[in-house]
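One line per chain: the protein sequences are A and B, in this order.
The opening residue of the first sequence carries number 1 in the numbering used here; numbering runs sequentially from there.
The opening residue of the second sequence carries number 105 in the numbering used here; numbering runs sequentially from there.
It is worth saying that the hints were derived from the structure and are not from the lab.
Be a bit skeptical, because a hint or two may be false.
What the hints assert, rightly or not - Here are the computed lysine to aspartate or glutamate pairs in the EDC-like style, where the Cα-Cα straight-line distance is at most 16 Å:
1. A:K98 / B:E406
2. A:K64 / B:D278
3. A:K95 / B:D278
4. A:K98 / B:D551
To be verified - Partial list, derived from the structure: chain A residues whose beta carbon lies under 7 Å from chain B:
5. G63
6. A67
7. P101
All values reported here derive from a predicted model rather than from experimental measurement.
Beta carbons are placed, not taken as given, at the ideal position from N, Cα and C, and that holds for glycine.
Listed below are the residues making up each chain.
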Amino acid sequence: MQLRAGMHLVSVVSPASIIVLRAPKKDVEVCCGGVAMAVAENIARDIEVQAAGNGTGTGLILGKRYAHESSDLECLCTRAGAGELTVDGEPLVLKDAKPLPPSD
Amino acid sequence: MNLMMLLEMATSNDPDRAAVSAHDLALTYQDMYGRAGAGASYLRERDYQTVAYLGPNSAAFAVTVFAAAWAGIPFWPVNYRLAGDQILGLLDTDERVLVVAHQDSAAAVRACRHDVISVEQWLGLTAGAAPLTEWPSDPDLVAVLLNTSGTTSKPKTAVLRHRHLVSYVLHSVDFGSADPADAVAVSVPPYHVAGIVNLLTNIFAGRRVVYLDAFEPGAWLDTVRRERVTHAMVVPTMLARIVAELDGTPANVPSLRTLSYGGSRVGATTILQALRLFPGTDFVNAYGLTETSSTIAILSPEDHRSALHSDDEAVRARLASAGQVIPGVEAEIRSADGRPVPPGEAGELWLRGDQISGEYLASESPLDENGWFPTKDRAYFDGAQFLFIEGRADDTIIRGGENIAPAEIEDVLMQHPAVGEAAVVGAPDEEWGQTIVAFVVLREGADADADEIRSFARGKLRTSKTPDRIIERDCLPYTDSGKLLRRMLTAELAAGQATDM
Numbered sequence: 001m002q003l004r005a006g007m008h009l010v011s012v013v014s015p016a017s018i019i020v021l022r023a024p025k026k027d028v029e030v031c032c033g034g035v036a037m038a039v040a041e042n043i044a045r046d047i048e049v050q051a052a053g054n055g056t057g058t059g060l061i062l063g064k065r066y067a068h069e070s071s072d073l074e075c076l077c078t079r080a081g082a083g084e085l086t087v088d089g090e091p092l093v094l095k096d097a098k099p100l101p102p103s104d
Numbered sequence: 105m106n107l108m109m110l111l112e113m114a115t116s117n118d119p120d121r122a123a124v125s126a127h128d129l130a131l132t133y134q135d136m137y138g139r140a141g142a143g144a145s146y147l148r149e150r151d152y153q154t155v156a157y158l159g160p161n162s163a164a165f166a167v168t169v170f171a172a173a174w175a176g177i178p179f180w181p182v183n184y185r186l187a188g189d190q191i192l193g194l195l196d197t198d199e200r201v202l203v204v205a206h207q208d209s210a211a212a213v214r215a216c217r218h219d220v221i222s223v224e225q226w227l228g229l230t231a232g233a234a235p236l237t238e239w240p241s242d243p244d245l246v247a248v249l250l251n252t253s254g255t256t257s258k259p260k261t262a263v264l265r266h267r268h269l270v271s272y273v274l275h276s277v278d279f280g281s282a283d284p285a286d287a288v289a290v291s292v293p294p295y296h297v298a299g300i301v302n303l304l305t306n307i308f309a310g311r312r313v314v315y316l317d318a319f320e321p322g323a324w325l326d327t328v329r330r331e332r333v334t335h336a337m338v339v340p341t342m343l344a345r346i347v348a349e350l351d352g353t354p355a356n357v358p359s360l361r362t363l364s365y366g367g368s369r370v371g372a373t374t375i376l377q378a379l380r381l382f383p384g385t386d387f388v389n390a391y392g393l394t395e396t397s398s399t400i401a402i403l404s405p406e407d408h409r410s411a412l413h414s415d416d417e418a419v420r421a422r423l424a425s426a427g428q429v430i431p432g433v434e435a436e437i438r439s440a441d442g443r444p445v446p447p448g449e450a451g452e453l454w455l456r457g458d459q460i461s462g463e464y465l466a467s468e469s470p471l472d473e474n475g476w477f478p479t480k481d482r483a484y485f486d487g488a489q490f491l492f493i494e495g496r497a498d499d500t501i502i503r504g505g506e507n508i509a510p511a512e513i514e515d516v517l518m519q520h521p522a523v524g525e526a527a528v529v530g531a532p533d534e535e536w537g538q539t540i541v542a543f544v545v546l547r548e549g550a551d552a553d554a555d556e557i558r559s560f561a562r563g564k565l566r567t568s569k570t571p572d573r574i575i576e577r578d579c580l581p582y583t584d585s586g587k588l589l590r591r592m593l594t595a596e597l598a599a600g601q602a603t604d605m
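Start from the sequences, fold in the hints, and give me the full structure.
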């Protein structure tokens, strides 16, 4: 799938969802818990964190950035949930935040 | 991508954390989320296409921002300080608009063609439980409409879409990074881009927003002490008034960790005094435009400190710079023929990035074919990527073929002990093309004549940059966010209303 910055992807194995911050130039497959994530057309309003689904592996942490260097994919977790995040089979790694001094 | 995503994330992270405190109400994240949903369903049921907010900073303002986002319609904060007929003129649109108006503005909107409800009614009808609806995720929807201040030309309506604002927040703020005890004092008005953006960034960081409904320096200092405010954002005129209020006495605000300022140029004297009066506070200078979703460059606390303590003239000069461009934004200085210029050379500042809109209502996009936005600000980079803003390109005076930035002359004039404020504009001239006219406001009790001020300026500037005329005024015209209204001075000159000192 060709990703775009701003695209919202939801896990089908857990409540996890991500937003794409930087998209790879080539087509890639992004999976959560080994199953391809779906593009969210409308974001469900229910913010109650549901019980974890059948996702396995390291869970996604709300508000954290994940990146994959060789494909140049970067995303942000918008909802926490179980399941390891991968792109074309390779895991994304948690990115250290380098916050700017608060200017607003 | 929707602004609601930011509020939803913050709410699920810590629903009971304080989100906003204001004169009208205090709201937790869960309260704000619920009210946004209730407000959105009210807006949707009645098919409103835009929601306008007319009033000072308040919890109702914050609720309206998110209710509009949830409903997928633009939020439009209107300057409540405008005259009644100006407000009516702005609101004269064919769209179906709901106007949420503060009681002080009720008279101004009585003759308005749209539905008007009071802030109290709005807070009443958003107090119910959030209904089960979804917000649109289309990143291209318009999130905010803002009337630009129009310091040099007729005001326009800038368009910021969800993708612009969300991109800025995601690029520059670390989610949930604020301590639960953190609080930010907000005194910029709600119709200023900084008023919108700081709500979003502080919500995303998890920092409580403390609203001041009108700025007064004594009340600002009291609020910082009483609410144990850790962060604050002011425009330069507010900073100057706080410095004047302190009158040399250190501020005594132990809780205040960061004070950010921006919105227009700051006089070097003001910032040096402020640094002395707030010894325990980090200073941040932010530069940006309405059309760029606010901040695109930052002068960090470390930059302030190194500028203050350096022996190197070039490093010290950076105190007057806008700092360095933030991640996610590209900047280029271009000459009049469109070619990029090397560091040290001034030209027009062009910007590109996900947060850059540049779009105005009912106008062609000003972006070039590669997505670059011309800011109309004249600027240059030094050798270390620090950005120096000289002012609006339209304000540049061309005298005898030489480009002269008014700011450079104003800075020199304000170093004269008798001069409190200065504004420099160009006047049409047969011989030179333009001549330099300086308007000055003398400090209380101070005395100086035109010759003395001119020779002071000549001692620090080239003769070609020395003001040809000096005109004394009691005060200078500013917008209420502190931007100098040069066009009013130019109009006075053209009408022959100004007499030389």
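Index of numbered hints that the structure contradicts, given in increasing order
Hints 4 and 6 not satisfied by this model.
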